[in-house]
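For this one, chain A is given, so just place chain B on it according to the hints.
Residue numbers (our numbering), protein chains in the order written: chain A, 12 to 242; chain B, 895 to 1078.
It is worth saying that the hints were derived from the structure and are not from the lab. Since we're looking at a predicted model, the values are computed, not measured. Just so it is clear, CB atoms sit at the ideal spot from N, CA and C, and this is done for glycine as well. One or more hints might be untrue.
Computed far set for chain A versus chain B, every beta-carbon distance over 10 angstroms [as the list claims (entries may be wrong)]:
{"no.": "1", "residue": "Ala-33"}
{"no.": "2", "residue": "Ala-184"}
{"no.": "3", "residue": "Gln-206"}
Chain B stretches covered by chain A per the calculated footprint, using a threshold of three residues with CB under 8 angstroms from any CB of chain A [said to hold, decoys possible]:
{"no.": "4", "stretch": "950-962"}
{"no.": "5", "stretch": "1039-1051"}
Listed here are the chains, written in short residue letters.
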Amino acid sequence: MAGTDFEKMSEAGEYVLGTLDAAERIAFEARLTRDGELQAEVAAWRRRLTPLDAETAEAEPPAQTFAKILARIDTPAPVNVVELQRRVRQWRIAATAFAALAASLILFFVVQGQRTPSPANNLYVAVLQGSDAQPAFVAAVDVKTKSMVVRRVGAATPPGHSYELWALGGTRAAPQPLGVIGASMRVSSDQLGGQPIDATTLAVSLEPPGGSPTGAPTGPVLFTGKLIATQ
Amino acid sequence: MAASADSAVLTTLLGQTAQGDRAAFSELYELTKAKLFGVIRRILIRGDLAEEALQESYVRIWSNAQRYDQSQASAMTWMIAIARNQAIDLKRKANERVAANAVALEDVTLVAPQANADDSADLRSLRECLGGLAENGRDMVLLAYHHGYSREELSARFNRPVATVKTILRRSLVALKECLDGRH
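Extracted from the complex, chain A is given alone in its bound form (with noise of 0.2 angstroms):
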């Protein structure tokens, strides 16, 4: 067996029972959207590993669980107030951090001594947040100067610990780790390793201090975002 199709397989593999961490899961589900050999590895896995699933006891959900589910695909898209009020809030967050975002770019801009920003079309930004939904950081990337801006907009690092950034998706087979990050950073985009732009997930795990030892994320991948094209 080859060393790709060996890794592949036990990846898929560990990817079936659970263990992958949350980077490489990220990562590797990524892939899995748009590879048939690893999607027909995942297949496989559970084929294999399913006649477990006979070993299992049965077991009686609550009696109101049914109506639950009912309830919830009823309404596909949450209508209530609240909801709605939380939802509203959230994108105020997340248009003040744009904001703040594009201002810190063009002065970024200025500063490099460029007249104009780059067209639209060479930028591309992500919002990482974590399960809570709020954004956490911002990034941007312009192709034309090559640089990318990761910005915090979230709670500050917590004592004791680092951010750390990563990409994914793309080819990589692996999270890219891209540094340590605190209130902010600038990386050339050269970084990025040549992958499509578009294609680049950004996440930030929870590290010891001074980063992850291992080269892979070691703790809980805390906030994740793709990056978009603003055009």
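Chain B only, in chain A's frame:
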């Protein structure tokens, strides 16, 4: 598995569910809920989380039924994969909320390896191949599959570094595939 959960029936019901048929979905739920809840309860000890995972699983089964491909897996295998994903997701999120050292390492009783007369041939092969794995490979695979153990939890339980756990898991999976392929 319940005798009522006949594979062809489930496939038909899932196909009708994909067309938006509520009655079929309701029947599908009745036939599969106990199995899926059993799978989820082994991963999520907390009852409220288990019920949340079950709800989320069936919402996804409803909305993704069109994507079910019967050439890839039986209807039950497909639904169990969704339930395990939901349960493991919720388990990881719950673990993140508590300190890493407070991860509940409940005393899990591993499945006894003895065979039963009514075991499927596939299950007998799988049990034998699992039994041949070196370095706690069998227990690690079973704890991950049945109870949603992460590498970190396996590391704590077997007192091995996380990187070693990953290596053992990968080696075990390769050996398992080779052993199972050799039997077909």
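Hints, one by one, checked against the model:
Chain B draws Ala-33(A) into its interface by the beta-carbon criterion, the shortest separation being 7 angstroms against a cut-off of 10 angstroms. Against chain B, the non-interface label of Ala-184(A) holds: every CB pair exceeds 10 angstroms, the least being about 14 angstroms. Non-interface status of Gln-206(A) relative to chain B is upheld: no Cβ of that chain comes within 10 angstroms, the nearest being about 25 angstroms off. Judged by the Cβ-Cβ criterion of 8 angstroms, the stretch 950-962 of chain B is covered by chain A as claimed, because 4 of its residues qualify and three suffice.
Closer than 8 angstroms: that is the beta-carbon criterion, and the stretch 1039-1051 of chain B has 7 residues meeting it against chain A, so the requirement of 3 holds.
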